[in-house]
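Q: Kindly produce the complete structure, drawing on both the sequences and the hints.
Read in full-length UniProt numbering, the sequence shown has 139 at position 139, and its numbers run on one by one without any break.
Derived from the structure by calculation, the hints contain no laboratory data. Built from N, CA and C at the ideal position, the CB exists for glycine as well. Wrong hints could be hidden among the right ones.
The calculated DSSO-like cross-link candidates involving lysine-lysine, where the alpha carbons are at most 30 Å apart (straight line), are [as the list claims (entries may be wrong)]:
| hint | residue 1 | residue 2 |
| --- | --- | --- |
| 1 | K118 | K155 |
| 2 | K269 | K118 |
| 3 | K241 | K269 |
| 4 | K268 | K118 |
Label-pair distances were calculated between CB atoms; the ranges are [unchecked claim]:
| hint | residue 1 | residue 2 | range |
| --- | --- | --- | --- |
| 5 | D132 | F219 | 22 to 28 Å |
| 6 | L178 | R238 | 33 to 39 Å |
| 7 | Y312 | N217 | 36 to 42 Å |
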Amino acid sequence: MSIPNVSWLTLALAADAEVKLNFFVKFNENGRTPDVQEVNFNGRNLCRQRVRRVSVTSEASVGIFGTRSTTTERTAFEWVTTSRADSEEEYDEGECATVYPSSEPIVQARIIGGTNAKSGEIPWHVAIYYDDQYQCGGSIISRRSILTAAHCLTKENSNETLEMDLFKVYIGIVDIGLIDDYFFHTAENATIHRDYNSATQTTDIGILKLKRDIIFNSFIKPVCLYRNTTDISAFYNRYGKVAGWGINRNGVVTNVLNYLDMPVVSQKKCSQTNIQYNTVLAFGESFCAGHADGNSVCNGDSGGGLVFVDDYRYYLRGIVSISAQKRNQLMCDPNRYSVFTDVSKFLKWIRQNMD
Numbered sequence: 001m002s003i004p005n006v007s008w009l010t011l012a013l014a015a016d017a018e019v020k021l022n023f024f025v026k027f028n029e030n031g032r033t034p035d036v037q038e039v040n041f042n043g044r045n046l047c048r049q050r051v052r053r054v055s056v057t058s059e060a061s062v063g064i065f066g067t068r069s070t071t072t073e074r075t076a077f078e079w080v081t082t083s084r085a086d087s088e089e090e091y092d093e094g095e096c097a098t099v100y101p102s103s104e105p106i107v108q109a110r111i112i113g114g115t116n117a118k119s120g121e122i123p124w125h126v127a128i129y130y131d132d133q134y135q136c137g138g139s140i141i142s143r144r145s146i147l148t149a150a151h152c153l154t155k156e157n158s159n160e161t162l163e164m165d166l167f168k169v170y171i172g173i174v175d176i177g178l179i180d181d182y183f184f185h186t187a188e189n190a191t192i193h194r195d196y197n198s199a200t201q202t203t204d205i206g207i208l209k210l211k212r213d214i215i216f217n218s219f220i221k222p223v224c225l226y227r228n229t230t231d232i233s234a235f236y237n238r239y240g241k242v243a244g245w246g247i248n249r250n251g252v253v254t255n256v257l258n259y260l261d262m263p264v265v266s267q268k269k270c271s272q273t274n275i276q277y278n279t280v281l282a283f284g285e286s287f288c289a290g291h292a293d294g295n296s297v298c299n300g301d302s303g304g305g306l307v308f309v310d311d312y313r314y315y316l317r318g319i320v321s322i323s324a325q326k327r328n329q330l331m332c333d334p335n336r337y338s339v340f341t342d343v344s345k346f347l348k349w350i351r352q353n354m355d
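A: Structure (structure tokens):
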């Protein structure tokens, strides 16, 4: 299949001038989401899959979890011509998760009614509580920084962060029914990516900073940040590991941490089966994963990490962002794919905002 090229030959620039250009992509929301590969000027690649803004032109009813919104939009895109892949700078792995995987598959079950995690098996995963209620999962990336979804840290339908005094972060635990003060950390502040959009759930990434250092041991470790290719197509059909204290089949939050293997699926496959994801996927900063057969993440799993094993380390590639809901029910649909924020697209931002 040929790839269409769009050319505009009437633009003239004076020497040393700066011009801000907005590129608009129109498409049928019931069809395949266009995949903008690059923007070229005089043969020079100015941008590579780095959409930064969205404007709303229409609304339609739709149900997705993690958004606190029931709207979907046709989208206008603004490309930042100075941007480059955040992953190009070096990242110091330090003492991140050197967990040695088994030669057997990690798990053959699902988070919904799935297999319990053992102590130290997922040492980077934390439970984020707000006002003494379980809120979301998150991943330890340094002694004071927890990487999670932006919607876990903000007020409903807003980019404003929740009150820091009401956050508690529990680390090194697998059973949230047995939490105590030994595992309890308080939050100092939260950083939300400036491009996070609570209505569309785009750029759904944030960092929660703790007031005191985490002490690492065999049961508590940071996860490594994935720093190789930003091309998610290299992961299509590859299985990653995701964990959470999500809602089970009975609609109850599970006390014991569960986990499963999930394959990354292509944008085309995901958008064809989940039309409401088109806006998020078109930004190029998210991807889909799942089985679409009853094995999935669910409500309450938001903010948790999707990790992949490379060279005997676990690398964080995705953050649980959106799960589709069942028709007319306030519960996720495990027979549909879930959307993950692509961590590799934000490494520079993460390094600038983590301790």
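Q: Going straight from one Cα to the other, do K269 and K118 come out at no more than 30 Å?
A: violated (34 Å)
Q: Could one say that the CB atoms of Y312 and N217 fall in the range 36 to 42 Å?
A: violated (19 Å)
Q: Hint check: K268 vs K118, CA-CA at most 30 Å. Holds or violated?
A: violated (36 Å)
Q: Is the Cα-Cα distance between K241 and K269 30 Å or less?
A: holds (20 Å)
Q: With respect to the beta-carbon atoms only, verify the hint that D132 and F219 lie 22 to 28 Å apart.
A: holds (24 Å)
Q: CA of K118 to CA of K155, is that 30 Å or under?
A: Judged against 30 Å, a Cα distance of about 33 Å means the pair is violated.
Q: 33 to 39 Å was suggested as the range; check whether the CB atoms of L178 and R238 agree with it.
A: holds (34 Å)
The structure is inconsistent with the numbered hints 1, 2, 4 and 7, although it conforms to all the rest.
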